[in-house]
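**Student:** Residue numbers (full-length UniProt numbering), protein chains in the order written: chain A, 1 to 597; chain B, 1 to 695.
If you are wondering where the hints come from, they were derived from the structure by calculation, not from laboratory data.
Predicted, not measured: the structure shown is a model, and the values here were computed from it.
All residues carry an ideal CB built from backbone N, CA and C; glycine is no exception.
There's no promise every hint is true.
Capping the alpha-carbon separation at 16 Å, the derived lysine to aspartate or glutamate pairs in EDC-like fashion look like this [stated by the list, open to error]: (1) A/Lys202 - A/Glu117; (2) A/Lys435 - B/Glu474; (3) A/Lys207 - B/Asp139.
Residues from chain A that keep clear of chain B, each with C-beta distances beyond 12 Å, as calculated [claimed, not checked]: (4) Glu56; (5) Asp219; (6) Arg332; (7) Leu361; (8) Pro407; (9) Gly506.
Which residues of chain B face chain A? A few of them, derived with a C-beta cut under 10 Å, are [unchecked claim]: (10) Ala112; (11) Phe115; (12) Pro145; (13) Asp147; (14) Leu355; (15) Ile432; (16) Gly598.
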Amino acid sequence: MSETKPAIDPILTAVISNRIDGIVREMTNTLLRAARSAVINSARDFSCGICTADNELLACADGLPIHSFGASLQTATMCRLHDDIAEGDAFLHNDPFSGNTHPADHTFLVPVFVEGEHLFTAVAKAHQADIGNSLPTTYHVTAKDIYEEGALIFPAVRIQRAYEMNRDIVRMCEARIRAPAQWHGDFLAGLGAARIAERRLKELCAKYGKDVVKSFVTDWLNYSEQRMIHAVRRMPAAHVVNHGAHDPIEGVIPDGIPIKVDMAIDPEAALITVDLRDNIDNVDCGLNVSEACTISAVLTGIFNSLPPDIPKNAGTFRRVKMLLGDGKVIGRPSFPHSCSVATTNVADRLVNCVGAAMASLGEGHGVAEGGIGMGPGMAVISGRDPRDGSDYVNQLIIANNGGPASPRADGWVTYELPDGSGLTYRDSVEIDELKHPMRFHHVRLVAGSGGAGRFRGAPGGDVAYGPIDRPMTVIFPCDGQVTPPKGVRGGHDGTRAVAWHIRADGSTAPLPPATNITLQPGESIRGLDCSGGGYGDPLDRDPARVLHDVIEHWETVERAEAIYGVTLVAGGADGEPTVDADATTARRAALKAAHST
Amino acid sequence: MTDTALRFRISVDTGGTFTDVLVTGSDGRMTIGKALTTHARIFNGMREALSVAAAEIGLSLGELLAQTTLFTYGTTRATNATVTGKTARTALLVTRGFPDILVLREGGRANAHDFSQDFPAPYIPRRHTFEVSERTLADGTRPTPLDEADARRVIGEIAAGGYAAVAVCFLWSIADAANETRMGQLLDELLPGVPYTLSHRLLPVVREYRRASATAIDASLKPLMQEHLRGLEQDLRASGYENDILVSTTVGGVMLIEELIAAPIHTVKSGPAMAPVAAATFSAIEGLGDNAIVCDTGGTTFDVGLVRDGELTYSRDTWLGPAWTGHLLGISSVDIRSIGAGGGSIGWLDDGGMLRVGPQSAGSEPGPACYGRGGTEPTISDAACVLGYFNPDAFLGGRMTLDVEAARNAIAPLAGRMGRGIEETAWGMISIANELMIKAIHEITIAEGVNPRESTIVAGGGAAGINIMPIARELGCEKVVLPKAASALSAAGMQFADIVKEETATLITSSAAFEAARVTAVLDDLAGRLRAFLSTLGAEAATRAEIAFIAEARYLGQVWQLDTPIDDPRPLAAGDVAALVGTFHRVHERVFAVRDPGSPVEFVNWKARLRVALPTEAGRRRLAVANGAPPVAATRRCFFGQGAVETPIHRGADLAPGHRIEGPAIVEEATTTLVVYPGTAATVSPTGNYLLSCL
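Next up, chain B with everything else stripped away, as it sits in the complex (with noise of 0.2 Å):
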């Protein structure tokens, strides 16, 4: 490969159907490739879809591979290998006297009058769990060193029983890890070759079911995934890829697969993770600021993430599955909310007589009425259809037709029982949608503090275009971005991501009486294993790479953590301490609307976060500036609320930079459809997005 030849970078996410392939050259030009998942070898797909990618840059997929610096992948097998419950056979550990704690988990459920639902059976069914005689407590001290020969004949139960993998979690292995320690110890002589997980190692924070919830979720990847990884590894270095693979992780950043390898829990929900990354980047290039808001609507689920003063946003409350009923990720991860409502989501008049939509929905099998596939309950897909925002005759860039007269006639019952036209029952169904959406939207704004007013919403996924200028116009925002890529937002962010990781430790501290000297050894401790972990990369990511420091923090007495960021760590100076009791009463006003400035502020988990900027050209590319009008392709009868109106109707590929379209008019892209309501204005930008206003 010469200097002057191309290079390429390249991002794979292979979702349960799909294997989307994004190559970014470095002349900034985006191709597109896609092909059916083939689970049995992950890599037959994802040669397929990189062979389209390939062929359309002139390429054999030999040097297309040859030229590309950055192999980046993303995958939903493990998140789906949870839902579907096909883990390895785990066997967990706990301290003896305490074996119901992921049975017990932290309490709470959605409906206090609801007794229809079995309560939910624990991640890692109670036959396989064994308890151990050992017991540290609070403060590190071990009334009970590890029983080794009680230790010895539980491995003895599990070797006998079959497991595939060990998830060990001990309280307070956090205030000294010896008991936790010698375990593993004695599975690496007993049980050699079956992988384990250690609850401090993996998650070191105080509570016991959320640490025993990641080690054990953690634990049962472990065979699958490892394998899985493993195997893609080695086929792509078959194929002449030779340089780093990255994987995309749930804190919204991609690793080394190795570290993947050692704790597969971090590839769980990566892909809704990385929506916000690509939010990031796209309201940067369009020069909206740095704080987002990403709303990802597909079929059955509408995500929103947020992005606040450029950075994600994240939680350590993301369940697998519903809340309550799911399992508790536990770990740090990109704060998503996902509710019931997409284009599939049904609309219904219950014994009341209000109209509702959803939770219900009519998937991709049989799908919306219009797809003429059987469906018969009305959706919010159908109710675009009838009011006119969909081309019949093109749907999807050509690739189906929809037939309206079946939308008409699934809304038709509920439009009678409602005493109301069809157009407008349509209408209302979108309106209660749009509700339900800024709910979800106003409730995750709400919890970090950010003022919908001042983001930038970026809208993707394949519905996405449908009502989100409502809905930005409801939460008052006046910078909206439709991505080109809506419909891919989270293999885009994979373009954009960085490499991160994190490290955590436990150490508590009020500033009333602050251990300086403790902290200041901890945040060493965390800084020192991310660099150790950096010089793996090369001294030349050393220039790209920066570690934030945050502290978990709360008042004195509460039990629920901020983070609050750590300006310049180390050493902690007394002026430090006070500056960051500063910060912590700003984070929690900003948050709760009110501070305490007289009370003690409790320091709890300090974590150092590592970040490698890998710099991209993608999306940056500029296009040529039209002039004149945007064509018309065609005019259809639309709906917005009052009587029909001849619509303008314009195809995505007519339109170049400069472009302004008023509303009311519709965009025809060949993975979206984007409504342009009455009042409201769509640009095309210098990169070829979306950029909608209210006028």
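For reference, chain A alone in the conformation it holds in the complex (with noise of 0.2 Å):
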């Protein structure tokens, strides 16, 4: 790749760049607002983008990881499948074979024209509540292919030509998927959003002219790829292998699924590798990797490393390879397996194990792993409210995973999982509540859970609830029993997750990863979320942070002694304890001779 391109104009890029992502911005505040689905308006699950004619992924601003970095890959589709797209038209997108992430991410790709050249293609993309699977879930981890997964797909087909809408494809939608009203609420939000910058793309190119903002486009590419290789180059050359592993899942995946991340970093060629190759071929269940969210995961885990407001677009990703194969658990699954959980699962560990592969780079690099696994806090609840007599099906986002350590803060709390990295809304207990005929018994933060190290994790969240007086159904499909989320660097482990049955006779049962169960009247169901991994050293922790975590009760004295090496005693203020410096400096002198041998 050549080094040296032509300068960009300093000021006209940094003009309309800003202009294009106040049009990202508008779409995210019309999808979010108009949106029927708590998934989408609560929960915040879904991304705005604009792509270059050509297919190359100008802006994502505010979009999920997860969703927004594979963006060209369905507008190629797009582009591939139809050659008579034209102005007003709109195209639907959920296949994970030709792009999409999952099934349940619906995408609205609205092509745009400039003086009769297609330009642009707007993607605004929201996990849709339901899908119309076999099961009522959008996350369908025992599907064992795309037929018993049973969505309805649409590999970028035309919904609207000349702004009319093909009313067909609604009636279809609207005679297989589960609360149709919603549904049809939400397909407006979405394709509104696209609408939205389609309007707003037009009147950039008016007011700059056509061959401004093509120039644009190119220095707003180049300009992104200086960043990156900046940011490369500040790493040290390295060839790392990393391990992950998602949990066994008894009858699904006995073995769990192994992931193999081997990554070079060449800072003179200014170029991360990333092969995948080396990973095992596709399983039948729903946990395959699409190759959309393979390549997000795999940039995720990257980003989490660099300075945070380096652009994410094509230009940046010019300075990533990846190595995929085909067949692959990770990489571009063969039809017909099922990515039915393709967002989440897997790829959380995907991100988890670059980001922790960045971390072997040394000091300063890479962060540790974050909470995984999608709890009862996370389910799809489904059953009939007594209230009105219909029936209703949505997912809680009331878990919480914690987030992981870096080298410079600790986990952020309200993380929820890796691929959304605290993106998403949480749910409110009340309007939870209100909505559905359920009660919660407690939402709380576990004290002392967070993965210890010179920066700690984020502590996992306790949730229990059940229906108030009909049954309930509620389907999740879990990570993180089995191997927790990692410490980095000396960081100490996250803790795992767990689930539990609990009767109307308060006796307990614990629950397998992947759960669907029925809760009846006074039964109910309870989750401990995952922790953040923490980074460096828990014996190198400030002890002024290891006071403020006891006294606020993040931590409590027995680790700070055992763990942190710090000797707290009356005195502090407000009646508080306060760190005796000379014992905790002995103490952790003690607890390191004894640790290095």
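Dock the two chains into a complex; use the hints.
**Tutor:** Next comes the structure, spelled out in structure tokens:
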């Protein structure tokens, strides 16, 4: 790759990129506030972006990491399948074999024409509350193939021609998707977001002229690449192999799914190469990772280790080379394997595996592993609402997987999952209880659970709930019950996930990672979420941080002593303890000596 | 005081540094006083500023206060206390099992890939949070009545812990308030004198985080603000003032001081909330319609607010501090969007070779390089300085001189790296700052479904005049006002503010099965509460009062409500419901460009807003009209994107109504500098404000 690109226009590039960013934010605002299902309007499980006509990702402000980075695969499919693309078209795409993340993410593609030329494609992607699967869940972990999974698949299907809706498609969906009115509201919101971008991009071109905007696109991608070149050059040359694994699930993946990431950093060429070809073949369940999710997960792991303001677009991606195998559980899946759960479980492990591999480059690089798994607090619940006799189905987003520690900060508490990285909103207890005939028993954080380290992982959550007076079906595909999120550079691992069924008599029974259970009135379900892994040796943690953790009940006195080597004594402000500096120094020295033998 | 004696209206805005006083006479004359804020006893600085104004009018302070009919007070004290953490030691009481309401908030963050920041601490520390055994459900049933033994035990811990305030937020207290109410009674009994706030009384809306956040903020401010406001009241009375004392609030209105002693959260962010009030008035005075965008440009931030159809716009998503990492105010407040761009914003070139502006700012210390206080980073003010927009020998009416050489030296390295000239680089910096501001305006107008082209821009703040014209041109706004009082927009707004009080209740009902009787009862109750308050203002006030009703509604399944005005609320007949639904469809279409006429509409919260107009002459005084061309005080070489142009310079004091100035030109006012760009013009209006237009 050539290193000497023509210099960008430093002012015009700033001006127009700011406009483009504003357009994507307007798409986001439109979709967020007009959508119907809680998974979009409460949990924010959607993303917007703009691709160029030659299918390069140009901008994806505020998008979920797992959604965003493969959008150009979808626009490429649209171009490949249709040689008559025209102004006024809109396409629906959710096919994981031709560029989508997983079938639950309905993606709206609107080609934007300026003076008769296709210049951009607006992309709005939103996780649907239901897609007509054989089970009332959009994460069908046990589906042995796409037929058992059961979703309607739209490989870039034209839904509008000359701005007129193809009602046939709408009726097909309404005939096959649970809660069809909710789906239709989300459908209109997604399409509206893409159309907003079309309107604004045309205004942009009218103002600056098509040619100026085209040269901006070139400049912007070159600029982004330049930022990435500088970032990669600050890394040491290295070849890293890191392993991870998804937990075994009885009857589905009895041995779990091993993950291997082979990464080479070449600062001189300013290139990161990630080889994922040495991974296992596709598995007969919903846990296969689509190509789009593989790409996004790897890039997320890398971006988590870079300066946060580096743009995320095709220019930056030029400096990451990915080698993917065909028919692999991670890579390019082979038809008809199911990718129903592609955005979360194995992909989350992949984000973690890449971030931890970056950490092995040396002090200051990478992040620890973040909390993973969708337990009871992220289950899809369904049943009949006795208040009006209607059926409900929805995903809860009230779990709390703790965020990973980094070289500079403790874990982000409302992290949720590596693929969303804290961007998603949490449900309100009151809103969930209002919308569904259910009751929460508790929602809280677990003290002392964050993976210890110089910076510590965020704690995991503890949630329990049940139906009020009619049965409720709870389905979730969890992970993290066996292999916890790992700490890095001497940081400790996070805690594992656990789930229990609590019967009416108060007795409890542990639940397997992949659960499909119907709770009767009086029964409930409880889940502990994973905490985040720690970064660096806990004995190097600033004692003032340890003290604060104890005072604020993030940590226990026992762990402060035993793991952090900090001795606390009475006499602090406000009746709280304080650090005995001498005793702490001595204790840390003793513990370090013991560790090294 | 005889009938012919002048009467006055005083507004006082106490900021962190300065106390601004604005006195308006019944003759329409405005007098300004200024003094340093005295934090220990706020009245000391206020007295000094008032005395300056009184002397200019030719009265003693006692005479001025005796002839004053209305005194309006605005303070940043509550805002500053929350930002600096100097609020009371406050205990938070929550439902057992749910101790982390303030920690877990509603999720969300600004950048998914930024792992450089710790998670924000909750507004009330976890160690000050206490769980109490009780539970109410969504339908108002109470499976667990308040466990009194548990409650008494917790109160004992609070008493022993030396807490100065208590916040109580139980789940679903808005569906049945019995548990919270009983908790309040126990606090009265066992902790007399310790102020507390109950969530269902302060903010009866669904969503536990925002209700708890508002409750915690309010309780934590009570000890401080109650002492502050009572002290002020005593000092004013002792100085001879006998009429009502009003305090400005976050909904852009004013309230009796007693109301704010009861709920001081309403003073938080009240300063910025006053700018749109001023904008509405200035736009109306100049006959420019009732849609306005107000832009307030200071040294470090750019605030945007809206006036739509003569009404302020409100938001329940106002944060104390940054979005996501600050604390949600929760209460309804004037919607103001703030970005980190102002006169002090620093320009820099990133490692990809792109010019950036902000968010770093040189602040007031050391300030821009041209201020000559040791600043070396290139700021927007330095850019304006090298472009010739500022008078280096007499900046801000002669209170300051500017160091042009220092400004050039600050920009030169940046220009060198870009391979461009210093002026071209400065022009680029201002262009990029414009873009950031244009985006902020776009975001708020889009969110409210307002077309900037049909609105009037009202510009305020010390740095407003630098770039308001290119911004207006870019947005397609043809009507722009730069008020004479641009640098003190909030204080001006206080002169025009009405008494505004809101009451809210939650009652969830759908258009498919509309509970008209219950809704009517709720609206009756809200109106009754407001009328009871109105009766305390005297009979005359009732003639100037109006109550507006608003439903917070959404399509079934949505979770974010839109404010839907209710035209004629009571009693709600079937036809009224259809009209209400029709109004909601229109609002939804305005904001989101789509409507879904087939969908049921769900009504969630019901609001009543009392407004008591306070007539004022302020700003309406007509000035003598000038003849002839506007006098030119000097000329200077200025740069407007191309080569330097010899540009006429006008002094604001030399201009009179009717004067029209075509760009390029500079107008130097005592507190701001107006740049009239080529292709634009400024006209002095009959009231002395500047009306700007594109040629």
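**Student:** Are the hints correct? Go through all of them and say.
**Tutor:** Hints, verified against the model:
no., hint, in the structure
1, A/Lys202 - A/Glu117, "11 Å, holds"
2, A/Lys435 - B/Glu474, "44 Å, violated"
3, A/Lys207 - B/Asp139, "54 Å, violated"
4, Glu56, "17 Å, holds"
5, Asp219, "9 Å, violated"
6, Arg332, "25 Å, holds"
7, Leu361, "15 Å, holds"
8, Pro407, "8 Å, violated"
9, Gly506, "16 Å, holds"
10, Ala112, "4 Å, holds"
11, Phe115, "4 Å, holds"
12, Pro145, "16 Å, violated"
13, Asp147, "16 Å, violated"
14, Leu355, "4 Å, holds"
15, Ile432, "5 Å, holds"
16, Gly598, "8 Å, holds"
The structure fails to meet hints 2, 3, 5, 8, 12 and 13 from the earlier list, while all remaining hints are met.
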